[in-house]
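Construct all of the structure, not just a fragment, from the sequences and the given hints.
Number of protein chains: 2
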Amino acid sequence: MEKLKQAIETHGKCVSDEVVKVDQIINHQVDCALMDEIGQAFYDYFKAKPIDKVVTIESSGIAPAYACALRLGVPLLIIKKAQPNTMSDPLFAKVFSFTKRKAYSICVEREYLKPGEHLLFIDDFLANGEAFKGAEELARQAGAVIDGVGIVIGKQFQNGQAYLDKHGYDVYTLAPIKEIKDQHIIWAE
Amino acid sequence: MEKLKQAIETHGKCVSDEVVKVDQIINHQVDCALMDEIGQAFYDYFKAKPIDKVVTIESSGIAPAYACALRLGVPLLIIKKAQPNTMSDPLFAKVFSFTKRKAYSICVEREYLKPGEHLLFIDDFLANGEAFKGAEELARQAGAVIDGVGIVIGKQFQNGQAYLDKHGYDVYTLAPIKEIKDQHIIWAE
Chain A
1 MEKLKQAIET HGKCVSDEVV KVDQIINHQV DCALMDEIGQ AFYDYFKAKP IDKVVTIESS
61 GIAPAYACAL RLGVPLLIIK KAQPNTMSDP LFAKVFSFTK RKAYSICVER EYLKPGEHLL
121 FIDDFLANGE AFKGAEELAR QAGAVIDGVG IVIGKQFQNG QAYLDKHGYD VYTLAPIKEI
181 KDQHIIWAE
Chain B
1 MEKLKQAIET HGKCVSDEVV KVDQIINHQV DCALMDEIGQ AFYDYFKAKP IDKVVTIESS
61 GIAPAYACAL RLGVPLLIIK KAQPNTMSDP LFAKVFSFTK RKAYSICVER EYLKPGEHLL
121 FIDDFLANGE AFKGAEELAR QAGAVIDGVG IVIGKQFQNG QAYLDKHGYD VYTLAPIKEI
181 KDQHIIWAE
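Protein chains in written order, with the UniProt record's numbering: chain A, 1 to 189; chain B, 1 to 189.
As the list makes no split between identical chains, a pair holds if one copy fits it or if it spans any two.
Here are the simulated BS3-like cross-link-like pairs (lysine-lysine), alpha carbons at most 25 angstroms apart as the crow flies:
| hint | residue 1 | residue 2 |
| --- | --- | --- |
| 1 | Lys-53 | Lys-13 |
| 2 | Lys-133 | Lys-178 |
| 3 | Lys-102 | Lys-81 |
| 4 | Lys-100 | Lys-178 |
| 5 | Lys-114 | Lys-13 |
| 6 | Lys-81 | Lys-94 |
| 7 | Lys-100 | Lys-81 |
| 8 | Lys-133 | Lys-81 |
| 9 | Lys-53 | Lys-5 |
Hints in this document: simulated from the structure, not taken from any laboratory. This structure is a prediction, so every number in the text was calculated from the model and none was measured.
The structure is reproduced here in structure tokens:
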């Protein structure tokens with residue numbers, strides 16, 4: 001998605017060879033018009049699939065996941081990082097955070113992930129794929145099927161993309177980064 | 001907003017005289033078509049105001065805040081509950097959670113809240129107004145002005161509404177709850 005790549009080049013900041021900061025347009029301050037086009041791009045790619053529900057993990061994936069789910073005409077399910085005290089019958093999975101060097105739990109109310117449901121997972125970043133693996137584990141427990149993975153910015157030099165490819169997922173990455181070098185992004189395609 | 005009230009009556013669950021659980025349509029699983037209408041309702045009410053930015057606190061306010069900000073044509077600023085390690089110059093405020101009986105910090109990158117900016121605060125619930133007071137404190141530190149407050153579900157039997165009224169805020173609540181009694185919602189208007 002050329003417009004997104006240009007926005008990242010203009011407003012993003014390469015903080016290291018592994019981290020690009022996009023908090024001006026994607027995950028802290030949100031450029032809503034751009035986010036709407038991101039939702040459209042995911043919709044265009046996945047619309048032929050029999051998606052029952054879009055899922056994301058709170059909170060940076062919510063805007064792009066919502067923008068796509070609205071167009072698909074399906075509910076958005078927001079996986080929680082902390083169990084709300086009103087959650088009555090949770091499914092849990094562990095996610096390891098490389099940034100924080102520790103594991104945390106994510107959860108969903110069991111009744112919102114049903115056996116046989118077809119899911120589209122959407123997130124703002126794909127790095128090592130740990131958040132995705134947590135969602136995958138929740139889907140497995142529920143008997144639901146992840147039919148597609150939509151990623152806004154994919155850091156393809158980390159391990160997540162290889163994991164998704166190895167397991168045969170249909171992944172659509174809008175801004176795939178091959179490498180960050182000397183504070184510049186080299187796009188994968 | 002009649003359609004929202006009906007959806008809450010149909011899909012919500014009164015867990016106590018103080019808590020209505022709407023995780024099937026608003027803050028865990030999201031009914032995106034309904035959320036889109038929520039965004040439209042906020043837009044219709046606030047569109048004449050000179051809003052520069054919509055602000056919310058992660059994560060349940062993101063969908064309604066985004067749906068409104070998109071229509072207003074302004075950025076959405078998501079106040080964070082934990083400081084991302086890429087945040088370089090944060091403003092902090094404390095929020096007291098009645099549910100968890102403890103205070104936590106919220107933060108924004110200083111450059112995204114500018115002196116003189118006009119803000120519209122949007123959240124899914126208004127209870128005691130503690131989250132709002134945190135946003136208000138960040139705005140005060142930045143020299144920004146909160147010009148409006150959009151609330152999806154207002155628990156008007158708690159202290160938040162009185163606080164907002166006392167301080168002269170222009171508040172628009174889509175589903176104002178006067179009371180929850182015998183597992184039934186009594187609407188305020």
